[in-house]
Amino acid sequence: MFYGVELSSRLLLGTARYPSPKLLVEAIKVSGAEVVTVSLRREAGPESSGARGGQSFWSIIRSLGMRVLPNTAGCHSVKEAVTTAHMAREMFDTPWIKLEVIRDDETLQPDVFGLVEAARVLVEEGFEVFPYTTEDLAVADRLVEAGCRVLMPWGAPIGSARGLNNVYGLKALRAHFPDIPLVVDAGLGVPSHAAAAMELGYDAVLLNTAVAEAGDPVAMASAFALAIEAGRMAFTAKPLEPRDMAVPSTPVLGKAAFGD
Amino acid sequence: MSIRAKVTVVGAGVAGLTAALELSLRGHAVEVIERGRAVGEGCSRMAGGMLAPWCERAATDEAVMRLGAPSIDWWLRHFPGTVRNGSLVVAPARDAVELTRFAERTDNHEWRDEAGIAALEPDLAGRFRRALFFPREAHLDPRRALPALAEALTKRGGTIRLGVDQAGSDFVIDCRGLSARDALADLRGVRGEMLVIRSREVTLSRPVRLLHPRIPLYIVPRGEGVFMVGATSIETETPGGVSVRSAVELLNAAYTLHPAFGEAEILELGADLRPAFPDNLPAVRRSPGGLMVNGLYRHGFLLAPAMARQAADLVERDNADLRQRRSA
Numbered sequence: 001m002f003y004g005v006e007l008s009s010r011l012l013l014g015t016a017r018y019p020s021p022k023l024l025v026e027a028i029k030v031s032g033a034e035v036v037t038v039s040l041r042r043e044a045g046p047e048s049s050g051a052r053g054g055q056s057f058w059s060i061i062r063s064l065g066m067r068v069l070p071n072t073a074g075c076h077s078v079k080e081a082v083t084t085a086h087m088a089r090e091m092f093d094t095p096w097i098k099l100e101v102i103r104d105d106e107t108l109q110p111d112v113f114g115l116v117e118a119a120r121v122l123v124e125e126g127f128e129v130f131p132y133t134t135e136d137l138a139v140a141d142r143l144v145e146a147g148c149r150v151l152m153p154w155g156a157p158i159g160s161a162r163g164l165n166n167v168y169g170l171k172a173l174r175a176h177f178p179d180i181p182l183v184v185d186a187g188l189g190v191p192s193h194a195a196a197a198m199e200l201g202y203d204a205v206l207l208n209t210a211v212a213e214a215g216d217p218v219a220m221a222s223a224f225a226l227a228i229e230a231g232r233m234a235f236t237a238k239p240l241e242p243r244d245m246a247v248p249s250t251p252v253l254g255k256a257a258f259g260d
Numbered sequence: 261m262s263i264r265a266k267v268t269v270v271g272a273g274v275a276g277l278t279a280a281l282e283l284s285l286r287g288h289a290v291e292v293i294e295r296g297r298a299v300g301e302g303c304s305r306m307a308g309g310m311l312a313p314w315c316e317r318a319a320t321d322e323a324v325m326r327l328g329a330p331s332i333d334w335w336l337r338h339f340p341g342t343v344r345n346g347s348l349v350v351a352p353a354r355d356a357v358e359l360t361r362f363a364e365r366t367d368n369h370e371w372r373d374e375a376g377i378a379a380l381e382p383d384l385a386g387r388f389r390r391a392l393f394f395p396r397e398a399h400l401d402p403r404r405a406l407p408a409l410a411e412a413l414t415k416r417g418g419t420i421r422l423g424v425d426q427a428g429s430d431f432v433i434d435c436r437g438l439s440a441r442d443a444l445a446d447l448r449g450v451r452g453e454m455l456v457i458r459s460r461e462v463t464l465s466r467p468v469r470l471l472h473p474r475i476p477l478y479i480v481p482r483g484e485g486v487f488m489v490g491a492t493s494i495e496t497e498t499p500g501g502v503s504v505r506s507a508v509e510l511l512n513a514a515y516t517l518h519p520a521f522g523e524a525e526i527l528e529l530g531a532d533l534r535p536a537f538p539d540n541l542p543a544v545r546r547s548p549g550g551l552m553v554n555g556l557y558r559h560g561f562l563l564a565p566a567m568a569r570q571a572a573d574l575v576e577r578d579n580a581d582l583r584q585r586r587s588a
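One line per chain: the protein sequences are A and B, in this order. First residue of the first sequence? That's 1 in my numbering, and the numbers climb one at a time after it. First residue of the second sequence? That's 261 in my numbering, and the numbers climb one at a time after it.
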């Protein structure tokens, strides 16, 4: 549940870097995703699609009838991010904004100071902010304090395909914010990474590169969708905690069992 | 021989001129009409001119490779300036993993070590540990190739009428690129940006691709110290000049390849919209007045000969049908 919107799919998909719009559309369809992210800085908004009757990238996205989560990818300062959010609200007619404030183009790491500041400004203006952040608890706390009702911590740096770099940190975040929807955003490479995030009790996963740049984006979208479903099902089925010793699953004959 | 008096090709970009020459070579009377003042002045002018079907496999549909591979011979036959020297793919040390990934997704390549790179491109000696060499690939200068095709066509008796948009025959092959979107609802524009530089210090004999996690960048030698650096691919139809961000990325690519490019002179920064269908593959389609060739996207020079052949095949099949019907 994101800002009062109930979704049935726990997969959010980015729309950049697919080999073609056709494959993008097919990947989105098989993934079952109900939300797509669109970058305002690098892609078209509705205003540029032109009245000349052609089918621009944006009209292809629009034809899917999906909920759009515009993002502020590529913004390096609070001011840029806020301006981009304003443009997004006008173009896409939604209060949702995936807030990214990036420190530099090399690491693409979130600038958490700018992020908190921009979140404060945008929440004040009535936006429903989805902040792209690290797993840092203090930053998360500040974001919630600023009025964010969703948190999107990274798994690993954007596009790195490394999976969950800090499982302990992500677990701690889940434990600290049991009632805030948490989405792992960025850094996933293979479906098992997504399953692992769901097994930690995360509410959803946001992907782009792992699907878009796979050899077969459509098959990969489907694989992620299955993994996310499996991971969620495992979480709700209450998995075992790891133990240090083997625990025989069949009784061992001829030996007294402990405690019996 | 055609029973139609003449075929009119609309548009003197790479799609139109290849189709016109192909038809002329097969014995058809052809005229090309172009509303501009010269041939090849649309987005063909911005093309890289790489004939790199095997490199393209890394990020595009298998059809690009299959349709594009025979194009190299087509260009070698019809444009003497076509250079078959292969192409080279390198990656900055930090992105070395991208090179491995590129190799896994492509074939018809050979690994080259530092000495092997220096043997191919002496100016790149010591700059990269490993490279992928695609020996069968070729390149050309689009700004020379299209006037040469126009000349070949005229020599064969074809006509090119500039500043004209009225067809002189009743069978039209529409090669207008993005201007044809009035008739093609699924055509979109994808913005591309490029730059042209001149260096007195660096010499390259073949296109070099620099792998980058976000954008594929390449540098194509155009002779006399001139290099084309391309190209961005942005899903927008916003017109206008090259953005600062794109310029920085293109310039960085040149600089990363060789720091001496830092001293190069910028001759041109250019941006245009590429016509593309939703699958990013070109198509020949029937229209009420004839045929339409469009959607060449990033692969104009690579795929235009294949589209020209398809268009010419359709014209001939139609003529055969007409002949049969008349004699019946």
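Don't read these hints as lab results, they were simulated from the structure. For glycine and all other residues, C-beta sits at the position ideal for the given N, C-alpha and C. Careful: at least some of the hints might be erroneous.
Said to hold, decoys possible - Quick list of the computed label-pair ranges, beta carbon to beta carbon:
| hint | chain 1 | residue 1 | chain 2 | residue 2 | range |
| --- | --- | --- | --- | --- | --- |
| 1 | A | F113 | B | E374 | 26 to 34 angstroms |
| 2 | B | A298 | A | K29 | 24 to 32 angstroms |
| 3 | A | N165 | B | P340 | 35 to 43 angstroms |
Said to hold, decoys possible - Non-contacting residues of chain B with respect to chain A, defined by C-beta distances greater than 12 angstroms in every case (computed):
| hint | residue |
| --- | --- |
| 4 | A319 |
| 5 | G341 |
| 6 | R344 |
| 7 | A445 |
| 8 | D446 |
| 9 | V502 |
| 10 | R586 |
Taking the hints in turn, this is what the structure says about them:
no., hint, verdict
1, F113(A) with E374(B): 26 to 34 angstroms, "violated (43 angstroms)"
2, A298(B) with K29(A): 24 to 32 angstroms, "violated (45 angstroms)"
3, N165(A) with P340(B): 35 to 43 angstroms, "violated (55 angstroms)"
4, A319, "violated (6 angstroms)"
5, G341, "holds (31 angstroms)"
6, R344, "holds (27 angstroms)"
7, A445, "violated (6 angstroms)"
8, D446, "violated (5 angstroms)"
9, V502, "holds (14 angstroms)"
10, R586, "holds (38 angstroms)"
Against the hints set out earlier in the document, violations occur for numbers 1, 2, 3, 4, 7 and 8.
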